[in-house]
Amino acid sequence: GAVVSQHPSWVICKSGTSVKIECRSLDFQATTMFWYRQFPKQSLMLMATSNEGSKATYEQGVEKDKFLINHASLTLSTLTVTSAHPEDSSFYICSARADTDTQYFGPGTRLTVL
Amino acid sequence: SQQGEEDPQALSIQEGENATMNCSYKTSINNLQWYRQNSGRGLVHLILIRSNEREKHSGRLRVTLDTSKKSSSLLITASRAADTASYFCATVRSSGSARQLTFGSGTQLTVLP
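Chains P and S are the protein sequences, given in the same order. Counting from 1 along the first sequence, just add 11 to a position and that's the residue number in my numbering. Counting from 1 along the second sequence, just add 5 to a position and that's the residue number in my numbering.
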């Protein structure tokens, strides 16, 4: 099956710093990638839809200036958490859409903000 | 996005038994999908059932869909300890072009050896 990677798999940073998370589709091209956030023992909440070459579409309540998304190529989308604070600590998961119905998920990135 | 509900929230069974998880959703859908997530890991796609389908099988998995009740169930037969994970249903709306997934609240399944 199609493979999606995320880097880093975990990151610890100080409050006020910015963190960039990469999402790559390794063996297919993805015109659309999605970013999710998951708190412990909870479900995935869609943060934004990222389309290659255009601006991301953010879900209601997600600050676009805080969570910067760049989808510069058909195989790479990045999420930058700017001026991170402890409440941003979470598990961030990306997915890439290969065709109309199938999304392939990355392994996730654990962010801890001290 | 509005999430669906899943029940039970947690299920503990003995190896060899069957596990049934239920999912309810709120909008008209194009399809419904089931995913598995091991602790602290990404999601693995299990099975997709379209709105015009009522039942689908894949190995030890059986999925049903009742669009009139806006509900689905996932049955895992002859469970194994390795099936221990969280299971999520996710729907794709019938409207909209982005084909976004809306996830249910999940069921934590524990299979005891």
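Heads up, a few of these hints could be off.
Said to hold, decoys possible - Reference excerpt, derived from the structure (chain S facing chain P, CB under 8 Å, subset only):
(1) Asn-36
(2) Arg-46
(3) Gly-47
(4) Leu-48
(5) Ile-54
(6) Ala-90
(7) Phe-93
(8) Val-97
(9) Arg-98
(10) Gln-105
(11) Phe-108
(12) Gly-109
(13) Ser-110
(14) Thr-115
(15) Val-116
What the hints assert, rightly or not - DSS-like mimics (lysine-lysine), calculated; alpha carbons at most 27 Å apart, straight line:
(16) S:Lys-31 <-> S:Lys-74
(17) P:Lys-52 <-> P:Lys-25
(18) S:Lys-74 <-> P:Lys-77
(19) P:Lys-77 <-> P:Lys-52
(20) P:Lys-52 <-> S:Lys-75
(21) P:Lys-25 <-> P:Lys-77
To be verified - Restraint-style ranges between C-beta atoms, simulated for each label pair:
(22) S:Gly-64 <-> P:Ser-29: 39 to 49 Å
(23) P:Lys-66 <-> S:Ser-17: 41 to 51 Å
(24) P:Pro-118 <-> S:Ser-17: 22 to 32 Å
(25) P:Val-14 <-> S:Gly-64: 40 to 50 Å
(26) P:Asp-112 <-> S:Lys-74: 15 to 25 Å
(27) S:Asn-35 <-> P:Gln-40: 38 to 48 Å
(28) S:Arg-65 <-> P:Thr-28: 25 to 35 Å
(29) S:Asp-71 <-> P:Thr-93: 43 to 53 Å
By construction, these hints were calculated from the structure, which means they are not laboratory data. Positions of the beta carbon are idealized from the N, C-alpha and C atoms, including for glycine.
Results of checking the hints against the structure:
A least Cβ separation of about 6 Å between S:Asn-36 and chain P falls short of the 8 Å threshold, and the interface hint therefore holds. With a cut of 8 Å, the hint placing S:Arg-46 at the interface with chain P holds, because the nearest CB-to-CB distance is about 6 Å. Because the smallest distance between the Cβ of S:Gly-47 and any Cβ of chain P comes to about 4 Å, under 8 Å, the interface hint for this residue holds. Annotation: interface hint on S:Leu-48 holds; nearest CB of chain P at approximately 4 Å, less than 8 Å.
Hint status for S:Ile-54: violated, given a least beta-carbon distance of 11 Å to chain P, over 8 Å. Residue-level restraint check for S:Ala-90 is violated (minimum Cβ-Cβ distance to chain P is 13 Å; threshold 8 Å). A least Cβ separation of about 6 Å between S:Phe-93 and chain P falls short of the 8 Å threshold, and the interface hint therefore holds. Proximity of S:Val-97 to chain P holds as hinted, the smallest CB-CB distance being about 7 Å (cut-off 8 Å).
With its C-beta approaching chain P no nearer than about 12 Å, S:Arg-98 sits outside the 8 Å limit, and its interface hint is violated. At a threshold of 8 Å, the smallest CB-CB gap from S:Gln-105 to chain P is about 6 Å, leaving the interface hint in force. Satisfaction of the interface hint for S:Phe-108 is found here, the shortest Cβ-Cβ separation to chain P being roughly 5 Å, below the 8 Å cut-off. Evaluation of the S:Gly-109 hint against chain P yields a held restraint, the C-beta minimum of about 6 Å falling below 8 Å.
With a cut of 8 Å, the hint placing S:Ser-110 at the interface with chain P holds, because the nearest CB-to-CB distance is about 5 Å. The restraint placing S:Thr-115 at the interface with chain P is violated, with a minimum CB-CB distance near 13 Å, outside the 8 Å limit. Hint status for S:Val-116: violated, given a least beta-carbon distance of 18 Å to chain P, over 8 Å. Simply put, S:Lys-31 and S:Lys-74 have alpha-carbon atoms about 10 Å apart, close enough for the 27 Å limit, and the pair holds.
For the given pair, P:Lys-52 sits about 24 Å from P:Lys-25 by alpha-carbon distance, which is consistent with the 27 Å threshold. A hinted pair counts as satisfied when its Cα atoms are at most 27 Å apart, and S:Lys-74 with P:Lys-77 does not qualify at roughly 39 Å. Distance check on the hinted pair: P:Lys-77 and P:Lys-52 sit about 24 Å apart at the alpha-carbon level, within 27 Å; holds. This hinted pair checks out: P:Lys-52 and S:Lys-75 have alpha carbons roughly 24 Å apart, not beyond 27 Å.
Distance hint between P:Lys-25 and P:Lys-77 is fulfilled; the C-alpha atoms sit about 16 Å from each other, no more than 27 Å. Between S:Gly-64 and P:Ser-29 the Cβ separation comes to about 44 Å, which falls inside the hinted range of 39 to 49 Å. The hinted window of 41 to 51 Å between P:Lys-66 and S:Ser-17 holds, with their beta carbons roughly 45 Å apart. A hinted range of 22 to 32 Å holds for the C-beta pair P:Pro-118 and S:Ser-17, which are about 26 Å apart.
For the pair P:Val-14 and S:Gly-64, the beta carbons lie near 21 Å from each other, so the given range of 40 to 50 Å is not met. Checked against the hint of 15 to 25 Å, the C-beta distance between P:Asp-112 and S:Lys-74 comes to roughly 22 Å, which is consistent with it. For the hinted restraint 38 to 48 Å between S:Asn-35 and P:Gln-40, the CB-CB distance of approximately 22 Å leaves it violated. Hint check: S:Arg-65 to P:Thr-28, Cβ distance near 46 Å, so the stated range 25 to 35 Å is violated.
The beta-carbon spacing between S:Asp-71 and P:Thr-93, approximately 44 Å, falls within the hinted interval of 43 to 53 Å.
Of the hints listed earlier, those the structure fails to meet are numbers 5, 6, 9, 14, 15, 18, 25, 27 and 28, in rising order.
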